[in-house]
Amino acid sequence: MDLSVTSREQGGRTVVEVGGEIDVYTAPVLRERLNDLVGHGHHHLVVDMEHVDFLDSTGLGVLVGGLKRVRSHDGSLHLVCTQEKILKVFRITGLTKVFPIHDSVDAAVGAAGGTQPGA
Amino acid sequence: MDLSVTSREQGGRTVVEVGGEIDVYTAPVLRERLNDLVGHGHHHLVVDMEHVDFLDSTGLGVLVGGLKRVRSHDGSLHLVCTQEKILKVFRITGLTKVFPIHDSVDAAVGAAGGTQPGA
Amino acid sequence: MATVTLRFTPLPEHVRTARLVATAVARRMGMDDEVLDAVRLAVGEACARAVRRSELAGRGDLVELRLDDADDRLVVAVVDRSRLEPDAERDSGLAMTLVEGLADEVVESAADGGGGSRLELVWGA
Amino acid sequence: MATVTLRFTPLPEHVRTARLVATAVARRMGMDDEVLDAVRLAVGEACARAVRRSELAGRGDLVELRLDDADDRLVVAVVDRSRLEPDAERDSGLAMTLVEGLADEVVESAADGGGGSRLELVWGA
Ligand SMILES: Nc1ncnc2c1ncn2[C@@H]1O[C@H](COP(=O)(O)OP(=O)(O)O)[C@@H](O)[C@H]1O
Ligand SMILES: Nc1ncnc2c1ncn2[C@@H]1O[C@H](COP(=O)(O)OP(=O)(O)O)[C@@H](O)[C@H]1O
Numbered sequence: 256m257d258l259s260v261t262s263r264e265q266g267g268r269t270v271v272e273v274g275g276e277i278d279v280y281t282a283p284v285l286r287e288r289l290n291d292l293v294g295h296g297h298h299h300l301v302v303d304m305e306h307v308d309f310l311d312s313t314g315l316g317v318l319v320g321g322l323k324r325v326r327s328h329d330g331s332l333h334l335v336c337t338q339e340k341i342l343k344v345f346r347i348t349g350l351t352k353v354f355p356i357h358d359s360v361d362a363a364v365g366a367a368g369g370t371q372p373g374a
Numbered sequence: 256m257d258l259s260v261t262s263r264e265q266g267g268r269t270v271v272e273v274g275g276e277i278d279v280y281t282a283p284v285l286r287e288r289l290n291d292l293v294g295h296g297h298h299h300l301v302v303d304m305e306h307v308d309f310l311d312s313t314g315l316g317v318l319v320g321g322l323k324r325v326r327s328h329d330g331s332l333h334l335v336c337t338q339e340k341i342l343k344v345f346r347i348t349g350l351t352k353v354f355p356i357h358d359s360v361d362a363a364v365g366a367a368g369g370t371q372p373g374a
Numbered sequence: 031m032a033t034v035t036l037r038f039t040p041l042p043e044h045v046r047t048a049r050l051v052a053t054a055v056a057r058r059m060g061m062d063d064e065v066l067d068a069v070r071l072a073v074g075e076a077c078a079r080a081v082r083r084s085e086l087a088g089r090g091d092l093v094e095l096r097l098d099d100a101d102d103r104l105v106v107a108v109v110d111r112s113r114l115e116p117d118a119e120r121d122s123g124l125a126m127t128l129v130e131g132l133a134d135e136v137v138e139s140a141a142d143g144g145g146g147s148r149l150e151l152v153w154g155a
Numbered sequence: 031m032a033t034v035t036l037r038f039t040p041l042p043e044h045v046r047t048a049r050l051v052a053t054a055v056a057r058r059m060g061m062d063d064e065v066l067d068a069v070r071l072a073v074g075e076a077c078a079r080a081v082r083r084s085e086l087a088g089r090g091d092l093v094e095l096r097l098d099d100a101d102d103r104l105v106v107a108v109v110d111r112s113r114l115e116p117d118a119e120r121d122s123g124l125a126m127t128l129v130e131g132l133a134d135e136v137v138e139s140a141a142d143g144g145g146g147s148r149l150e151l152v153w154g155a
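Protein chains in written order, with the working numbering: chain A, 256 to 374; chain B, 256 to 374; chain C, 31 to 155; chain D, 31 to 155.
Bound conformation, chain A alone (with noise of 0.2 angstroms):
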């Protein structure tokens, strides 16, 4: 399994920050992980790609299934990539418009995403 996933509290955001390859094969993960964090009443989530090597479209579903979680509780899903192969796969897909991407983790967790959290 070459995926990996932690995270941490930042700045009142959840900070998720995954690595390796995102495809078929370990997406499910990723998926699990969301759900939980979410489940957990994590509700302002921060992704940060900037250690992901390869993602597919089953990648891209899954961050799209944890932005209509999150948004189902009022939360948000930012996004942190400048690889431009990565923002390539979001810009062919048409989800530059619809994930916030920001350079850095501090300018995604500073950023004002929907309601702000209540901590």
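No wet-lab data here; the hints were simulated from the structure.
Some clues are possibly wrong.
To be verified - Pairwise CB distance ranges, derived in the manner of DEER restraints:
1) D:D117 x A:L342: 52 to 62 angstroms
2) A:G275 x C:D142: 19 to 29 angstroms
3) D:G90 x B:P283: 16 to 26 angstroms
4) A:S327 x B:H306: 52 to 62 angstroms
5) D:G90 x A:S359: 52 to 62 angstroms
6) A:G296 x B:E339: 23 to 33 angstroms
7) A:H306 x C:E64: 17 to 27 angstroms
8) B:G320 x D:D63: 42 to 52 angstroms
9) D:D101 x C:E130: 37 to 47 angstroms
10) C:A140 x A:G296: 41 to 51 angstroms
11) B:D308 x D:D117: 25 to 35 angstroms
The beta carbon of each residue, even a glycine, is placed where N, CA and C say it ideally should be.
Got chain A sorted already, so can you dock chains B, C and D with the ligands onto it with the hints?
For chains B, C and D with the ligands alone, kept in the frame of chain A given last:
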């Protein structure tokens, strides 16, 4: 082509540093470089294998060929190798008895290899 | 014309192997990094789709990935034996959008000799 | 039982692709690094030998690498269509010494349905 070959003179020996994969596809390049060196009068070779990631029987054949060639000029061919994965290839084929194998380039250059070089 | 064909049991875990093979063949053809990334992703999508179609149909027939190097064009064909119509898969929106955005040419047809889909992708005209 | 089959034009440049595929399948089976190194090298040797045999015979029929994952045993078969007898290759001393030193089991037989060799390697009894 994932093979690199560079050579330099050191202590009267010609040190040939090989990097990458020596296999059925790349071995002809190494053979040509060794033949070229011997053809230009470099008869005392130290082949540094520390940066070799993969070695197959074609590569072994090239090294055996190089050994025969330098010997026909009263030369020598010593190897530098500490990688267990690569040493195993020499061990399985019995070639640890054919090649003097050293832990470092300095040790290989310092070893009395057949006739001492003229230089 | 050099050919490499990979056939695999329709399981997600083999899609990565398919990507490795496609990328290795494209690299050997001297394609640049941007094209390599496109080949890796598009071939992965096409193979993942073939796996999904096979799972949907409950069929275990091997999926075939065929790579032909013809005059500097890389011609890739992904064939499933799902017995489903070429367009029968649901939810392939993102996957097919990527494939079409990444390959120079995309053609889908019925797999000959046994129902299923044959998706052909071409790079470097 | 999961199966991956790679078929390739008998050219040295494809042997690396064959190694990649074999290593990927073995890694997925959870084999440890030492076994992975053995699989990589032995499968590369078997495929390079199949390429040499095909070149020797002047035949371009695709070489087949078949990987079966059966109850934690990795069963590898390399089949050439050289029309040469299984042992016809000359100079296979070092290559076969390595194959035999690296695999847990090695069996060579005539390729059925067309002359050539079928070399079977097994890891993890
Ligand atoms: N451009 C887009 N903008 C917003 N949502 C999208 C976009 N493209 C796809 N989606 C959403 O992403 C999810 C998965 O996409 P889908 O088209 O079903 O592809 P697939 O299932 O093949 O990954 C769906 O929920 C869909 O609504
Ligand atoms: N154990 C050994 N000791 C010395 N030389 C060897 C040994 N094994 C092989 N050789 C030499 O290595 C060269 C290539 O070996 P060979 O058995 O022909 O294998 P292959 O051609 O398949 O690589 C030959 O010149 C052979 O004499």
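Right, here's what the structure says about each hint:
1. A hinted range of 52 to 62 angstroms for the beta carbons of D:D117 and A:L342 is consistent with their spacing of about 56 angstroms.
2. One distance hint, 19 to 29 angstroms for the beta-carbon pair A:G275 and C:D142, is violated here, with the actual separation near 38 angstroms.
3. Separation of D:G90 from B:P283 is about 20 angstroms and conforms to the stated range, judged on CB atoms against 16 to 26 angstroms.
4. Checked against the hint of 52 to 62 angstroms, the C-beta distance between A:S327 and B:H306 comes to roughly 54 angstroms, which is consistent with it.
5. Between D:G90 and A:S359 the C-beta distance comes to about 54 angstroms, which sits within the given range of 52 to 62 angstroms.
6. Distance hint check for A:G296 and B:E339: the Cβ-Cβ separation is about 50 angstroms, which falls outside the suggested range of 23 to 33 angstroms.
7. The hinted window of 17 to 27 angstroms between A:H306 and C:E64 holds, with their beta carbons roughly 21 angstroms apart.
8. Checked against the given bound of 42 to 52 angstroms, the beta carbons of B:G320 and D:D63, roughly 31 angstroms apart, lie outside it.
9. Checking the proposed 37 to 47 angstroms range against D:D101 and C:E130 shows it holds: the Cβ atoms sit about 41 angstroms from each other.
10. Taking the beta carbon of each, C:A140 and A:G296 are about 50 angstroms apart, inside 41 to 51 angstroms as hinted.
11. Judged by the Cβ atoms, the range 25 to 35 angstroms given for B:D308 and D:D117 holds: they are separated by roughly 32 angstroms.
Checked against the numbered hints given earlier, this structure breaks hints 2, 6, 8; the rest are met.
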